[in-house]
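Trainee: Fit chain E to the supplied structure of chain Z, relying on the hints for placement.
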Amino acid sequence: MAEEQDLENVRRVLGGDLAAFEDIVRRWQGPLINLAFRFCRDRPRAEEMAQDAFVQIYRNLEKFRADSAFSTWIFAVSLNLYRSVMRRKPPPAESIDCVAELPGGQMPHLQLEQNERDEMVRRSVASLPARYRDVVIVFYFREKDLRETAAILGLSEGTAKARLHRGRELLKRKMDAGSSGVAAVREVYL
Amino acid sequence: MNSDDLEQTLLSEKQIEASSTFTRNVMLRVRDESPYPRAIPFPWIPFAATALILMLVTVLHFPAASYAGAMNAAACAIGQWIVAHSAIGPGNALLSGLAALLGTLFLVKVSISVSG
Numbered sequence: 000m001a002e003e004q005d006l007e008n009v010r011r012v013l014g015g016d017l018a019a020f021e022d023i024v025r026r027w028q029g030p031l032i033n034l035a036f037r038f039c040r041d042r043p044r045a046e047e048m049a050q051d052a053f054v055q056i057y058r059n060l061e062k063f064r065a066d067s068a069f070s071t072w073i074f075a076v077s078l079n080l081y082r083s084v085m086r087r088k089p090p091p092a093e094s095i096d097c098v099a100e101l102p103g104g105q106m107p108h109l110q111l112e113q114n115e116r117d118e119m120v121r122r123s124v125a126s127l128p129a130r131y132r133d134v135v136i137v138f139y140f141r142e143k144d145l146r147e148t149a150a151i152l153g154l155s156e157g158t159a160k161a162r163l164h165r166g167r168e169l170l171k172r173k174m175d176a177g178s179s180g181v182a183a184v185r186e187v188y189l
Numbered sequence: 050m051n052s053d054d055l056e057q058t059l060l061s062e063k064q065i066e067a068s069s070t071f072t073r074n075v076m077l078r079v080r081d082e083s084p085y086p087r088a089i090p091f092p093w094i095p096f097a098a099t100a101l102i103l104m105l106v107t108v109l110h111f112p113a114a115s116y117a118g119a120m121n122a123a124a125c126a127i128g129q130w131i132v133a134h135s136a137i138g139p140g141n142a143l144l145s146g147l148a149a150l151l152g153t154l155f156l157v158k159v160s161i162s163v164s165g
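As they're listed, the protein sequences go chains Z and E.
Residues 0 to 189 (our numbering) make up the first sequence, in order.
Residues 50 to 165 (our numbering) make up the second sequence, in order.
I should point out that these hints are in silico values taken from the structure, not numbers from a laboratory.
Bear in mind that the values here come from a model prediction, so they are computed numbers and not experimental data.
The reader is advised that the hints may include incorrect statements.
[Claimed, not checked] As a list, the in silico DSS-like pairs of lysine-lysine whose alpha-carbon atoms are at most 30 Å apart: (1) E/K63 <-> Z/K173; (2) Z/K143 <-> Z/K62; (3) E/K63 <-> Z/K171; (4) Z/K171 <-> Z/K88; (5) E/K63 <-> Z/K143; (6) Z/K88 <-> E/K63; (7) Z/K173 <-> Z/K160; (8) Z/K143 <-> Z/K88; (9) E/K63 <-> Z/K160; (10) Z/K143 <-> Z/K160; (11) Z/K62 <-> Z/K88; (12) Z/K62 <-> Z/K160; (13) Z/K143 <-> Z/K171.
Just chain Z, with the same shape it has in the complex (with noise of 0.2 Å):
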């Protein structure tokens, strides 16, 4: 129902109405924010981000096919778009001294909480290198659907698989090594 609906939003906008296209907007622009900002994870520039990769949308809308759904197409265009912003201006490293510099200048141990431990995980994905960091963002953004997950990257299954098992891999290495960071900045400061 609701993709029936993008395409006769999209044949409205490609007959020159654009009050159709602000209905696409306004369904969207959560998603592409969302998208934009695990990548990014700053929300200003995840909304800049968001509105250059409507303006593609609009650019290219006549390009679209209906051999996919409407959804895959626009975050494969909005990923393209993402992907190359991060490639001009990547997010700064995570590393263990980001640990360190927790708010309130108190000891680690006692900030790190939950929150701040999930977070740091999610600025470590956003740092990973491009080819699994796309891959594990996407699968988890699209609530680990594997085959949109490949579709939107354009990538097939088993590629898409065995970049997601690396970049996970990668992942908890480096959590582990920022845990084990943790403590060695514990026995410092106990």
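Mentor: Only chain E this time, still in chain Z's reference frame:
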């Protein structure tokens, strides 16, 4: 950190909302890009206001219009009476048609004289 924790963390990302000006900003940029001229909407509000004013002016300044309406109703009633009391036949049908035509011409003349 085990794999389950990692999965849970990656799945439970908090959703952020678009700012209130987001849609407007996107549409401003898209309109700049649009190859189509912006459609001019029909001015329904001025149209409705003008029609209302015209109706009020007609009713207030030309009461004869309502007189013409009453004349019309009376002519209809007379026509119905004639039809009800006429016998069916080709001669009568021709006569009725002629009477209707004359009646219509009479009403048109009355309407023209009333409205000036």
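Trainee: The structure should be examined with respect to each hint, and the outcome stated for every one.
Mentor: Checked hints:
1. Taken as a hint, the E/K63 and Z/K173 pair is honoured in the structure, with Cα atoms around 22 Å apart against an allowance of 30 Å.
2. Pair hint Z/K143 plus Z/K62 holds up; C-alpha atoms about 28 Å apart against a cutoff of 30 Å.
3. For the hint pairing E/K63 with Z/K171, the CA-to-CA distance comes to about 21 Å; that is within 30 Å, so the pair holds.
4. The suggested pairing of Z/K171 with Z/K88 holds, with an alpha-carbon distance near 25 Å, which does not exceed 30 Å.
5. Among the hinted pairs, E/K63 with Z/K143 is consistent with the structure: their alpha-carbon atoms are about 16 Å apart, no more than 30 Å.
6. Straight-line distance between C-alpha atoms of Z/K88 and E/K63 comes to about 24 Å, which keeps the hinted pair within the 30 Å bound.
7. At roughly 20 Å between alpha-carbon atoms, Z/K173 and Z/K160 fall within 30 Å of each other, so this suggested pair holds.
8. As the CA atoms of Z/K143 and Z/K88 are separated by approximately 28 Å, the hinted pair is consistent with the 30 Å bound.
9. In summary, the hint linking E/K63 to Z/K160 is supported, as the alpha carbons are separated by about 25 Å, within the 30 Å threshold.
10. With a C-alpha separation of about 11 Å, the suggested pair Z/K143 and Z/K160 falls inside the 30 Å cut-off, and the hint holds.
11. Between Z/K62 and Z/K88, the direct Cα distance comes to roughly 28 Å. Compliance with the 30 Å bound is thereby established for this hinted pair.
12. Between Z/K62 and Z/K160 the CA atoms are separated by roughly 28 Å; this keeps the pair inside 30 Å, and the hint holds.
13. For the given pair, Z/K143 sits about 18 Å from Z/K171 by alpha-carbon distance, which is consistent with the 30 Å threshold.
The structure meets every hint from the earlier list without exception.
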